[in-house]
Amino acid sequence: MTGDPLDALRLPIVPIDPRPEFAAALLRRLEAREEPALGRGATVRYFVDDLDAAVSFYCEQLGFEEELRPSPVFAMLYRGELRLLLSVPSEPHALPDGTLPEPGGWNRISLQVSDLDAAVRALRERGARFRNEIASGVAVRQVLLEDPAGNPIELFEPSAGYHERS
Amino acid sequence: MGTREEPSAGGDPIVAIYHRALPQVYGYFLPRCGSAAVAEDLTAETFMAAVAAARRDPAADVTVAWLVGVARHKLVDHWRRVAREERGLAAVEQEEDGVDDPWQDRLDADAAHAALARLSDPQRLALTLRYLDGLPVAEVAEHLGRTLRGTETLLVRARAALRRVYEEGEP
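Going down the list, the protein sequences come from chains F and B. According to numbering that gives the first Met the number 0, the first sequence is numbered sequentially starting from 0. According to numbering that gives the first Met the number 0, the second sequence is numbered sequentially starting from 0.
Check each hint, because a few of them may be wrong.
Only some residues are given here: those of chain B computed to face chain F with a beta carbon under 7 Å [said to hold, decoys possible]:
#1 P22
#2 Y25
#3 Y27
#4 V81
#5 L118
#6 P121
It is worth saying that the hints were derived from the structure and are not from the lab. Fair warning: this is a prediction, and the values are worked out from it, not measured in the lab. The C-beta atom is built at its ideal place from N, Cα and C for all residues, glycine as well.
Pulled out of the complex, with its shape left as it was, chain F reads as follows (with noise of 0.2 Å):
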């Protein structure tokens, strides 16, 4: 095979510094681009035993929506802004000595409502569980509810000197 006239034309890159001015305004524009979006709620992911009970309940007790139900151990919720993860403990999440994570324990979402006793009261009508009655703390009226698989979710209202960021 003879080679090409045509790659004489071959071109490989030289490099070239442009004018000063036009890199340091192209590198101010670089780095004041905005971070990437991020989720604008907080994300939570809680384990559950039975997938099936867990969405009913948040879905049906606490008004979060269902927006993906991929398989039989994985459901993703909203509450407004809130995105609820609920995960079937299985070998993805498992430590690497085998350990799966576990329904339970004492952190928890929590979620504000407007009228406390009121709230409490539905649920209970509708068989729902609860690990105390209605309680002061500080700034809040708060009571911790429990989904089907024991986890803990806080219901609060707020009360004098509440704050969050405006």
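Following the hints, complete the assembly by docking chain B onto the known chain F.
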């Protein structure tokens, strides 16, 4: 199974290689479009697009070579835009007969590059990708969104057109 969203590592990878990559990207554009203003515009477009692309795909391997690939796409887009704007003025110009292609002598690369600048944009683009950048015909076809056969035909015609202009010398 579970969704695993990792927060991306701090620091933009494009900004990190900016000083090394900038002369390469600008050095790619300037001789190929022959205008500092156009080269600056396309350089800026390349970096802005690269930042967006790297954020969409945090696993992207951000290297100078990758940026040059982005730059090549921008050059193709640019010439397509120009060609669209000029269509109607120049569309009829080409009805090639010369399929013979007797390049024999060694090419004076400078004169050939000068001749290239006087071709129509599609021909100039095809020859740039094929010869200046050294891409295989199949990749040229991909960039141009043409079939392999169509690209080969375009290249043959472009070579013939280049030869005519090259042999005419300066107008």
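Now for the hints, and whether the structure bears them out:
1. P22: holds, 4 Å
2. Y25: holds, 4 Å
3. Y27: holds, 5 Å
4. V81: Since the shortest Cβ distance to chain F is 20 Å, the answer is violated.
5. L118: violated, 12 Å
6. P121: violated, 17 Å
When each numbered hint is compared with the structure, violations occur for hints 4, 5 and 6.
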